[in-house]
Amino acid sequence: MHEKNNTNRVLIDGSRLIIESLARSGADAFIGYPIPPANLLYLYGSQRMDLMLSAPDEITTLQWMAGLSATGKLPVTATSFPGFALMIESVNMAYMMELPMVIVLVQRLGPATGTATCGAQGDLLLLNGTMSGGHPLPVLATSSFDDCWEMAAKASEVAIKLRTPVVLLTSKEEVMTQKSFDLAKLDDIQQTEKKWYSKTCCEYKPYKAGKDLVPDFLPVNQGNHQVRINASTHDQDGILQHSNKEAMDNTKRLEEKVRVRMDDYLFYDLDEEAKAETLVIAYGITAAAARDAVARMRASGKNVSLLTPKTLLPLPGQYAEIIKNYKQVVIAEESINNQLGSLLFGQQMPGNITFVGKMGKMIAPEEIIKEVRS
Amino acid sequence: MTQSMLKTQSLPYCKGCGHDLIAKHSTKALEELGFAPLDVIMVTDIGCHGIIDKCMNTHTVHGLHGRSAALGAGIFFGLEEHDNKKVVVFIGDGGATIGLQHIMEAARLNLDITVVVHNNFLYGMTGGQTSGLTPHGFRTTTSFQGNPFDGYDICKLTHTAGARYVSRVLGIGDISADMKKAFDQKGFSLVEVMEICPSYGVKLNPKRKLKEIVESAGKEVGEWVNEDAAFKQQQGEKVENLLDKIPRVPMSFDRSLNTSKSLVLSGSAGEGVQLAANLLAKAAMLTGLHVTQKGSYPVTVGVGFSTAEVNLSPEDIHFHGISVPDMVLITSQDGLNHNKSRISQMTSGKLFIDSSLELPETGAEVIRHDFRGVGARNAAIHAILYFAKETGLVTQEAIYKALDLEGKSDKIPLDKIKKAMAG
Ligand SMILES: Cc1ncc(C[n+]2csc(CCOP(=O)(O)OP(=O)(O)O)c2C)c(N)n1
Ligand code: SF4
Ligand SMILES: [Mg+2]
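If you're matching them up, the sequences are chains A and B in order. Anchor point for the first sequence: position 87 equals 87 in the working numbering, and the numbering is continuous, going up by one each time. Anchor point for the second sequence: position 323 equals 323 in the working numbering, and the numbering is continuous, going up by one each time.
Simulated from the structure, these hints should not be mistaken for laboratory data. Please note that a few of the clues may not be correct.
To be verified - Distance windows between CB atoms, simulated:
1) B:14 x A:132: 27 to 33 Å
2) A:203 x B:301: 43 to 49 Å
3) B:225 x A:336: 57 to 63 Å
4) B:260 x A:301: 20 to 26 Å
Cβ coordinates follow ideal geometry from the N, Cα and C atoms, glycine included.
Please model the complete structure; the sequences and the hints are all you need to start from.
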């Protein structure tokens, strides 16, 4: 019969949830260059954000975002691989400068332009290698509409609190498909406060960090302190240095900052069954199929657990720990090369881990079930 | 009196480098215009000129090679009127080459920033190679015979792009008045300062004088102005909440389905396929069902097939892919072509197909009807109403209500469709 709370059911896509969540959590500008399958995000971004700018390309997009970020804004963009590829040098720049921003990366089938209107999960290894020096770039992934809401807000929070670019990883089928959804399910989102250096008495060092490893921010549009922002190797004053100790310590701090502070942003779902010896792992779009597969297997008497990673990078150690508890592990990902698996185990893939992959189409629940039963 | 912008008069360039002159006269000009150091945001590029940061008392932002004009533009976008900040971009001829687009864009939009191009005719920092702004005939470490090509005329390009103010000056003597003029503009301004890098340029072109090089390259000194050009901030209409305005779809009818069903609706572009699928999905929601809906069509949206996939279920839907559907509705040849292989894989279920079309191979029960008789534009809506009547999975009433929710009731010739269904 009719459920009680009935007034907030809508037919909605994930793009809308992501942009609204970003806006509520602190994003105030959308900069973009159109690219499928990120176009809905672009459209909603232009409607919702106080400031919307159409950049002439994706390098400009990231540069404008960095400039805005230097004035204290939290800019966001949405793109897909071809655009992200153009952004990479500038993402490195923003990371080095410690400028917060959110990049929603909607995966589509590559390599290159690939198929613009076909989903995929082929960009995880690219993200893992985005930063020169191997510094970790924070990556959170959506695996449901709830995540479009919650992980988007977390992406803003990480960007602001850690002063870094953050990637929210999703894919075509997650942000373009309309689904019935009850908006009453959505939790309130708190805007992340942008805390700035407030002392007026003492000398301000733009890259001097305390125990939390994050330097205090000051925008370039104030006049109390000199701000130096630098993407070249620099010391605590933001002055270019070749490789002296202070500068090397600073570059090291950047890597440590993200590695250590991301411990506070460990997100995953572990749906455990007491006697299960089998674990299915899936993130992003494939998590939906995995949920169905696990439910069906349980209905037919098979004990099986499901791990849905949401914090993808830096890769949390917990996933490998969880995996140790299972005799059989199946990783499902819409790629042909088990990118999550190779992040976890490199060339040393344990014999009890198998892979369900696919290209050009979503992995269906049956395919995961078949792998578990094989 | 304002505080000095430069920390030191001894700048880190090779002896005789024109960059020294530009830095000193730029800061002098800014001081004379009354700017305090922290009123200025100095954005520097990668190149010899860019190592000036540490000598400046201004805010300094040091980014990537060629991107400084875009980075400065971003900063400008973030400024408030009352901030009273001046964004100055220092870039080389190399940076202007690799980042030409950024300069054109800032000029086109007339952002209130000033770009100072340090044109020393070559890539100084990387060993004196030819750049896009190297004059014809000028020798560099990569063109010993002289540059065989003309360099870009960055002034003409920028002027044509719409910049408020552009000038070219020789980097000799006191150029602070020229710099002052550029800094004092509302709208985009660019100064190209011509100089010769002593370490590479003078060595390789020993007898040549700056003025003669510039003149023989056809690059006149002067200024170019677009009088009324100015920056206009233009934002479209904004919504305060993206979730407010989307139609609510309350459960209004009794549930009619106990298992999941997948459905494909396909026809031709412009024949209302996506709208019909949306109405069907909403009608199902009105009937208490969970739904998913997605469309596919060629990138040229106005021609060819238009296919919609809809899942209906009494339960929450996770996986929404459809390989072999339970039901297919085909209203045109384009739709049939796009789904032939799926239809041939059906071993059960129902195929609703326009009676004008040749029957494909299928194991599904086939139901033929003249969907297009009410006009091609309404064929898809006709199909879902017919489908509702035949299957009862959603009711026609629910579809009518969905039409109301969308405010589309009067746009569809319902009477005509009802008549066609009865007949
Ligand atoms: C993307 C990228 N490509 C190449 C370089 C190497 N690079 C550094 S400075 C420079 C040229 C600098 O020439 P110019 O802009 O004219 O400045 P100058 O040194 O002459 O003052 C180049 C090519 C770089 N840093 N980044
Ligand atoms: S190499 Fe040339 S451009 Fe660079 S500082 Fe020396 S003289 Fe100036
Ligand atoms: Mg140069």
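The hints, checked one at a time:
1. B:14 x A:132: 27 to 33 Å: 29 Å, holds
2. A:203 x B:301: 43 to 49 Å: 59 Å, violated
3. B:225 x A:336: 57 to 63 Å: Given about 58 Å between the Cβ atoms, the range holds.
4. B:260 x A:301: 20 to 26 Å: 21 Å, holds
The structure does not agree with numbered hint 2 stated previously, though it agrees with all others.
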